Amino acid sequence: MASKHKADKRRKEMRNAPEEDPEFQIAPMIDILLVLLVFFMSISSTEVLQVNQNINLPVAADAKAPKDNVGQVIVNVIWVPLNDIGILEINDVKYNTPAEIIPVLSNALMRAPQTRVLIRADRGVRYAFLRQILKAVGDAQITSITFSVMDKEVPR
Amino acid sequence: MASVGSEDGDVGFQIAPMVDVVFVLMLFFMASAGQQVKERELSINLPGGSSTQAGTRRTPPAVTPIIIEINSEGYVVINNTQVGGPDDKRLPQLRDQLTLMMSMGGEDPVIIRPSPDARHERIMDVLNAAASSNVQKLTFG
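Keeping their order, the protein sequence lines are chains L and Z. For the first sequence, the residue numbers in my numbering are 51 to 206. For the second sequence, the residue numbers in my numbering are 1498 to 1638.
Note that these hints are calculated values from the structure, not bench results. You may find that some hints are simply not true.
Stated by the list, open to error - Reference excerpt, derived from the structure (chain Z facing chain L, CB under 10 Å, subset only): (1) P1514; (2) M1515; (3) Q1532; (4) S1540.
As the list claims (entries may be wrong) - Derived coverage of chain L by chain Z (criterion: at least 3 residues anywhere in the stretch with Cβ under 8 Å from a Cβ of chain Z; other residues may be distant): (5) 71-80; (6) 83-92; (7) 105-117; (8) 168-182; (9) 198-204.
What the hints assert, rightly or not - Within a straight-line C-alpha distance of at most 27 Å, the following computed DSS-like cross-link-like pairs (lysine-lysine) qualify: (10) Z:K1586 x L:K114; (11) L:K144 x Z:K1535; (12) L:K185 x L:K144; (13) L:K185 x Z:K1634; (14) Z:K1634 x L:K117; (15) Z:K1535 x L:K117; (16) L:K185 x L:K117; (17) L:K202 x Z:K1535; (18) L:K185 x L:K114; (19) Z:K1634 x Z:K1586; (20) L:K114 x Z:K1535; (21) L:K114 x Z:K1634; (22) L:K117 x Z:K1586; (23) Z:K1634 x Z:K1535; (24) L:K202 x L:K114; (25) Z:K1586 x L:K202; (26) Z:K1586 x Z:K1535; (27) L:K117 x L:K202; (28) Z:K1634 x L:K202.
Only a predicted model underlies this, so the values are computations on that prediction, with no experimental measurement involved. We put the beta carbon where it would ideally sit given N, CA and C, even for glycine.
Sequences and hints are given; from them, build the entire structure.
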């Protein structure tokens, strides 16, 4: 008797079910948002690099992953193909000649003796300009120089 | 979203659709993360530095430096033999040459001499080839 009553109630619920819309469920939404949050936290690195959108870095597949460093000065080298000249940029300040960055580099070296220079140069930069930059870094007494490259081409 | 007769309308927590959606999302992000472009580094060593102390006599070791020249069109020349044309990004001949030289005692410094008009991209190709051949001492000369 009791089981027949339960079966009837179940059939009645099944017939009634199509009339009802499910309510807004917040618990799955929060879970998905947490998954998304964990994903984005895991792919972003802890150090925020200065990214300059105008620079097209060269591709080098065998380059090493960036390592932890105590202090570095990021030198962005923008290349203007029109007149074949380069512009340096450190901490959002632009410089036209490499000699102008020597004081900036010397200051950075005074603050942190292990400072290295990370050169992010566009792939079109001519060696004549790069040589002046290397000389300026040498004049500022910094010996550790690293170039930034991409591990593969940017997909278009 | 008010529903009619919602006293019986408590659907309860549905885990199956949530797991499905989470898996689809995770698959999507796994696929797109593999295509992300990451920034990498290639380093060189400049001669001199803070470790050099004034007053210590350094006897220069007798090594023959390996000189790699890059001309303005992008041709790479090592010891007067051409090892790569402008279209050759991977430079297999250069890699083989460098690996051979490294295997015969890896103390020889490699000096890169690009012409003033050589492109930075070409210089990075050469640095890349040197990095894959495990060159330890690399500098510009």
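Quick rundown of the hints versus the structure:
1. P1514: Where the cut-off is 10 Å and the nearest Cβ of chain L is about 7 Å from P1514 (chain Z), the hint holds.
2. M1515: This interface hint holds because 4 Å falls under the 10 Å limit.
3. Q1532: holds, 6 Å
4. S1540: With a minimum Cβ separation of about 4 Å from chain L (threshold 10 Å), the hint on S1540 (chain Z) holds.
5. 71-80: holds (count 7)
6. 83-92: holds (count 3)
7. 105-117: That given contact holds, which follows from 11 residues of the region 105-117 of chain L lying within Cβ reach (below 8 Å) of chain Z.
8. 168-182: holds (count 11)
9. 198-204: holds (count 7)
10. Z:K1586 x L:K114: holds, 18 Å
11. L:K144 x Z:K1535: holds, 25 Å
12. L:K185 x L:K144: Judged against 27 Å, a Cα distance of about 18 Å means the pair holds.
13. L:K185 x Z:K1634: With a Cα-Cα distance of about 19 Å, the restraint between K185 (chain L) and K1634 (chain Z) holds, given a limit of 27 Å.
14. Z:K1634 x L:K117: It holds: about 19 Å lies between the C-alpha atoms, which stays within 27 Å.
15. Z:K1535 x L:K117: Measuring from Cα to Cα gives roughly 13 Å; hence the hint holds.
16. L:K185 x L:K117: holds, 24 Å
17. L:K202 x Z:K1535: Holds, because 8 Å separates the two Cα atoms, which is no more than 27 Å.
18. L:K185 x L:K114: The hint holds at about 24 Å.
19. Z:K1634 x Z:K1586: holds, 22 Å
20. L:K114 x Z:K1535: Satisfied, since the Cα-Cα distance of roughly 11 Å is no more than 27 Å.
21. L:K114 x Z:K1634: holds, 16 Å
22. L:K117 x Z:K1586: holds, 26 Å
23. Z:K1634 x Z:K1535: Roughly 25 Å separates the two Cα atoms, so the pair holds.
24. L:K202 x L:K114: holds, 13 Å
25. Z:K1586 x L:K202: OK: K1586 (chain Z) and K202 (chain L) at ~12 Å, within 27 Å.
26. Z:K1586 x Z:K1535: Given that 27 Å is the threshold and the Cα spacing comes to 19 Å, the pair holds.
27. L:K117 x L:K202: Between K117 (chain L) and K202 (chain L) the Cα gap is close to 19 Å, so the pair holds against 27 Å.
28. Z:K1634 x L:K202: holds, 25 Å
Every hint, counting from the list given before, is met by this structure.
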